[in-house]
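Line order of the protein sequences matches chains A and B. As numbered in my numbering, residues -4 to 337 make up the first sequence, in order. As numbered in my numbering, residues -4 to 337 make up the second sequence, in order.
It is possible that some hints are incorrect.
Which copy is meant is left open, so a pair is good if it fits within one copy or across any two.
[As the list claims (entries may be wrong)] Computed cross-link-like contacts, DMTMM-like style, restricted to lysine to aspartate or glutamate with a CA-CA straight-line distance of at most 25 Å:
1) Lys244 with Glu5
2) Lys244 with Glu105
3) Lys211 with Glu38
4) Lys148 with Glu41
5) Lys146 with Glu38
6) Lys146 with Glu41
7) Lys148 with Glu38
8) Lys243 with Glu17
9) Lys313 with Glu326
10) Lys255 with Glu208
11) Lys148 with Asp126
12) Lys97 with Asp58
13) Lys243 with Glu5
14) Lys313 with Glu17
15) Lys244 with Asp328
16) Lys313 with Glu157
17) Lys(-2) with Glu106
18) Lys244 with Asp126
19) Lys181 with Asp58
20) Lys243 with Glu105
21) Lys197 with Glu267
Worth flagging that the hints you see were computed from the coordinates, not collected in a lab. The structure presented is a predicted model; accordingly, all values stated were derived computationally and were not measured.
2 protein chains.
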Amino acid sequence: MEKKRTEISEYGEFGLIQHLTENIKLNNNSSRVGIGDDAAVLEYPEKDILVTNDLLLEGIHFDLTYTPFMHLGYKSAVVNFSDIYAMNGRPKQIIVSIGISKRFCVEDLEEFYGGLQTACEKYGVDLVGGDTSASLTGMLISITCVGEVEKGKAVLRSGAKENDLVCVSGDLGAAYMGLQLLEREKRVFDHAADIDPDFTGKEYLLERQLRPEARKDIVELLARKNIVPTSMIDISDGLSSEMLHICKKSNCGCRIYEDKIPIEYQTAAQAEEMNMNLSTAALNGGEDYELLFTVPLSMHDEISALEGIRVIGHICSKDKGSRLITRDGNEFDLIAQGWKAV
Amino acid sequence: MEKKRTEISEYGEFGLIQHLTENIKLNNNSSRVGIGDDAAVLEYPEKDILVTNDLLLEGIHFDLTYTPFMHLGYKSAVVNFSDIYAMNGRPKQIIVSIGISKRFCVEDLEEFYGGLQTACEKYGVDLVGGDTSASLTGMLISITCVGEVEKGKAVLRSGAKENDLVCVSGDLGAAYMGLQLLEREKRVFDHAADIDPDFTGKEYLLERQLRPEARKDIVELLARKNIVPTSMIDISDGLSSEMLHICKKSNCGCRIYEDKIPIEYQTAAQAEEMNMNLSTAALNGGEDYELLFTVPLSMHDEISALEGIRVIGHICSKDKGSRLITRDGNEFDLIAQGWKAV
Chain A
-4 MEKKRTEISE
6 YGEFGLIQHL
16 TENIKLNNNS
26 SRVGIGDDAA
36 VLEYPEKDIL
46 VTNDLLLEGI
56 HFDLTYTPFM
66 HLGYKSAVVN
76 FSDIYAMNGR
86 PKQIIVSIGI
96 SKRFCVEDLE
106 EFYGGLQTAC
116 EKYGVDLVGG
126 DTSASLTGML
136 ISITCVGEVE
146 KGKAVLRSGA
156 KENDLVCVSG
166 DLGAAYMGLQ
176 LLEREKRVFD
186 HAADIDPDFT
196 GKEYLLERQL
206 RPEARKDIVE
216 LLARKNIVPT
226 SMIDISDGLS
236 SEMLHICKKS
246 NCGCRIYEDK
256 IPIEYQTAAQ
266 AEEMNMNLST
276 AALNGGEDYE
286 LLFTVPLSMH
296 DEISALEGIR
306 VIGHICSKDK
316 GSRLITRDGN
326 EFDLIAQGWK
336 AV
Chain B
-4 MEKKRTEISE
6 YGEFGLIQHL
16 TENIKLNNNS
26 SRVGIGDDAA
36 VLEYPEKDIL
46 VTNDLLLEGI
56 HFDLTYTPFM
66 HLGYKSAVVN
76 FSDIYAMNGR
86 PKQIIVSIGI
96 SKRFCVEDLE
106 EFYGGLQTAC
116 EKYGVDLVGG
126 DTSASLTGML
136 ISITCVGEVE
146 KGKAVLRSGA
156 KENDLVCVSG
166 DLGAAYMGLQ
176 LLEREKRVFD
186 HAADIDPDFT
196 GKEYLLERQL
206 RPEARKDIVE
216 LLARKNIVPT
226 SMIDISDGLS
236 SEMLHICKKS
246 NCGCRIYEDK
256 IPIEYQTAAQ
266 AEEMNMNLST
276 AALNGGEDYE
286 LLFTVPLSMH
296 DEISALEGIR
306 VIGHICSKDK
316 GSRLITRDGN
326 EFDLIAQGWK
336 AV
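Could you build all of it, start to finish, from the sequences and the hints given here?
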């Protein structure tokens, strides 16, 4: 069945945003005034406030060839929630601004907002504002997330101390292998339009890439156990980059053990199938949205006992550098990979 | 003298943002942790918090042919401050995310950040975070502004009541005529590259377009006089659009008198020179960043006595519609002009 296509011009700017947001409700006490004014009004009398913003650009951060709008909306929200959890906070509000060209129709945006709202409901976040704009070149998304944290309890990147344990939640590299898989199928698809790709047995990789979750559960688990990390960051650019951010901000070095890095079976199998280096996927792949954090050495037994958390190394003095110890005992400097201008 | 050009690749992503932000200081008590973590940490124990976000896209919102980066930075910040003032608040923090292609060099971004910082210093705002990203297509800017307002004192769009006076600060249409002037000179320039345009006597129009100010002074003046508007909005899209926003949110209509709309001499002269309708510039031009607000009729004498504020009409019941009364006594419906998808 052909998908219905309603042109954005049928609504106009103001009609469009009203249409997309008319069913949005406010659930948090801190959300006083939501969508529809010059600014959202929030109230945080007894907490510290966290604010973060991310840009997501078509062709750089997402590819609409294989990303459904619903998933894009969900992921756009979740990656911002992840930044708030990485501060030991809880996300409460988001403001979503989008730029769109004529290529997109109202139904595309309904799906995108549907994904946003699903994420907001799941994580208890209110959508309180935003802006829409014409764009000359595809879709772009800017999400601002506001969250709260107990006064003075924000966990920064700068608190890691010598001998602290380096811990990571979940597993790494799966989102990157999911991306490789989608990119490969896209190339195949370009040459044979009637072949439907078979992703059986690779669902986990696709889900990690297309519909990641933020580690709300880990932040809540640590809080229940009264464990306050000395430093924390979420893994959006890859373990190496994030570890180096912590080391730089905390003025220290680290040792990470390759054989301790948690990797799922599907990730390893896909790397082998594609003849790719598995550790590269885990170290530099990015988009895992797992939490990377440090705790004092004295917490070793306590933290090791927690499900879903792995100790992967330790903090050392700055002069010893930030290094990976491989399975065969070699040492390599961790290397950060930022974006390059295109 | 040739401008120096340092490629962004010389710094890389993380070096670039550090280079651009290394001299940034925090001045507001509410700014606890600024640039360099997953989120900014803010503290607002006794105020309501205002949050707004704007997208500015090259080719849609700005043209780098005639917009210096310094001015672009300044304007990007100020238009966000304006949204906070329009809530009867004071801007305190901004978070700036930018997308850039290889076309841009480090010096361009230094100038842009220079403009941001000049605006921040002038308005007492801290730059507390942001993100940089590669872009396939020119420059894009996302600014989130956080501000404060006394508890319960935010002025919304929805509070206008029948018989309230409609007031506007400053004058209207100048930014739009400045844009027309720049666009005309750009066309001339395209055909004769060695002619330097002569803008003598038109400085006000250019300044209003390229380097607008937010009406901090008007919000402070109203506070000193103990005048709390019943509704308020800033004029970014033109008087008609903004007036219709107030009417819709407040469930009312209005009468605006064409001959009361404040217009500067340069604006009128330029409209005549270009054979354009002056009222169209004032009603639909936009980018004036003046404040449009309503006060109870009983404040007529008090508000009329204030310098820089003009009463231009009144609120009526919804069934009477939202109309402009022209100089010759005709009535026309106000018409909103949003963006169209391109």
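Comparing the hints with the structure gives:
{"no.": "1", "hint": "Lys244 with Glu5", "in the structure": "between (50 Å within a copy, 22 Å between copies)"}
{"no.": "2", "hint": "Lys244 with Glu105", "in the structure": "between (41 Å within a copy, 23 Å between copies)"}
{"no.": "3", "hint": "Lys211 with Glu38", "in the structure": "both (22 Å within a copy, 22 Å between copies)"}
{"no.": "4", "hint": "Lys148 with Glu41", "in the structure": "both (12 Å within a copy, 19 Å between copies)"}
{"no.": "5", "hint": "Lys146 with Glu38", "in the structure": "both (14 Å within a copy, 8 Å between copies)"}
{"no.": "6", "hint": "Lys146 with Glu41", "in the structure": "both (7 Å within a copy, 14 Å between copies)"}
{"no.": "7", "hint": "Lys148 with Glu38", "in the structure": "both (19 Å within a copy, 12 Å between copies)"}
{"no.": "8", "hint": "Lys243 with Glu17", "in the structure": "between (45 Å within a copy, 14 Å between copies)"}
{"no.": "9", "hint": "Lys313 with Glu326", "in the structure": "within (16 Å within a copy, 74 Å between copies)"}
{"no.": "10", "hint": "Lys255 with Glu208", "in the structure": "within (22 Å within a copy, 55 Å between copies)"}
{"no.": "11", "hint": "Lys148 with Asp126", "in the structure": "between (32 Å within a copy, 24 Å between copies)"}
{"no.": "12", "hint": "Lys97 with Asp58", "in the structure": "both (17 Å within a copy, 20 Å between copies)"}
{"no.": "13", "hint": "Lys243 with Glu5", "in the structure": "between (51 Å within a copy, 19 Å between copies)"}
{"no.": "14", "hint": "Lys313 with Glu17", "in the structure": "between (53 Å within a copy, 21 Å between copies)"}
{"no.": "15", "hint": "Lys244 with Asp328", "in the structure": "within (17 Å within a copy, 58 Å between copies)"}
{"no.": "16", "hint": "Lys313 with Glu157", "in the structure": "within (9 Å within a copy, 68 Å between copies)"}
{"no.": "17", "hint": "Lys(-2) with Glu106", "in the structure": "within (12 Å within a copy, 46 Å between copies)"}
{"no.": "18", "hint": "Lys244 with Asp126", "in the structure": "between (34 Å within a copy, 17 Å between copies)"}
{"no.": "19", "hint": "Lys181 with Asp58", "in the structure": "within (10 Å within a copy, 35 Å between copies)"}
{"no.": "20", "hint": "Lys243 with Glu105", "in the structure": "between (42 Å within a copy, 23 Å between copies)"}
{"no.": "21", "hint": "Lys197 with Glu267", "in the structure": "within (13 Å within a copy, 67 Å between copies)"}
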